[in-house]
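> Note that our numbering numbers the sequence shown so that position 136 is 136, with each residue one more than the last.
Just to be clear, a hint being listed does not mean it is correct.
[What the hints assert, rightly or not] Quick list of the computed label-pair ranges, beta carbon to beta carbon:
(1) R106 to R199: 40 to 48 Å
(2) A170 to A102: 18 to 26 Å
(3) A77 to A39: 15 to 23 Å
(4) E107 to A77: 18 to 26 Å
(5) G109 to A17: 33 to 41 Å
What the hints contain is simulated information worked out from the structure, not anything from laboratory work. Just so it is clear, the structure is predicted and the values come from calculations on it, not from any experiment. All residues carry an ideal CB built from backbone N, CA and C; glycine is no exception.
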Amino acid sequence: MSTNNDQRPYFDALYSASEDPYALRQRWYEARKRALLLAALPQARYRRVYEPGCGIGELTLALSHRCDDLLASDFSAHAVTLARKRTEGRPNVRVEQHVLPADWPREDGRFDLIVLSEMGYFLDRNDMQRLARCCEETLEADGTLVACDWRPDFAQRSLSTSDVHGALAALGLARLALHEEDDFVMQVWTRDARSVAEREGIR
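Make a model of the complete structure from these sequences and hints.
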């Protein structure tokens with residue numbers, strides 16, 4: 001996830017203690033947030049998707065039903081093992097260990113969907129800006145970029161959510177959707193500025 005090695009013991013302990021440390025499978029908050037993110041995607045299906053910071057793979061599993069090929073990654077070896085277990089039987093999913101932004105998968109070509117969920121704020125400012133550039137450089141001409149992040153402060157945070165989303169907004173992509181709550185904010189940017197209705201010829 002992050003290049004900050006000081007965070008590695010925290011995440012190693014977190015995933016060693018539980019196969020679902022954030023209760024992603026039990027909490028309505030998490031299920032609802034995933035449903036909102038999936039509903040905000042402007043296309044019904046995608047060709048190639050990258051989901052860095054995938055954690056235990058709960059969102060990964062949901063995204064796998066909306067794409068042909070999905071690469072997910074996390075910097076925690078424990079999380080990668082759990083995400084692979086969660087997505088067993090999904091032949092269109094690969095889960096790899098990436099330390100970002102250094103290991104951004106440029107060799108995999110371009111993606112028409114990149115999903116950054118709850119991971120940017122673990123990076124420092126320079127690495128977040130580098131990550132944003134990686135998104136820009138590997139996003140397809142018709143690509144979509146999504147960021148969804150927790151808003152309240154917490155001890156392991158390196159950046160504010162506003163800073164994370166600001167770095168992505170600075171790429172100059174058209175913003176298709178903005179969803180704000182006290183708990184989290186989600187934004188969807190795209191190279192194709194047309195609305196979903198315009199894409200389908202409704203207007």
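> Now tell me, hint by hint, if it's right for this structure.
Hints and how they fare:
{"no.": "1", "hint": "R106 to R199: 40 to 48 Å", "result": "violated, 28 Å"}
{"no.": "2", "hint": "A170 to A102: 18 to 26 Å", "result": "holds, 21 Å"}
{"no.": "3", "hint": "A77 to A39: 15 to 23 Å", "result": "violated, 32 Å"}
{"no.": "4", "hint": "E107 to A77: 18 to 26 Å", "result": "holds, 21 Å"}
{"no.": "5", "hint": "G109 to A17: 33 to 41 Å", "result": "holds, 37 Å"}
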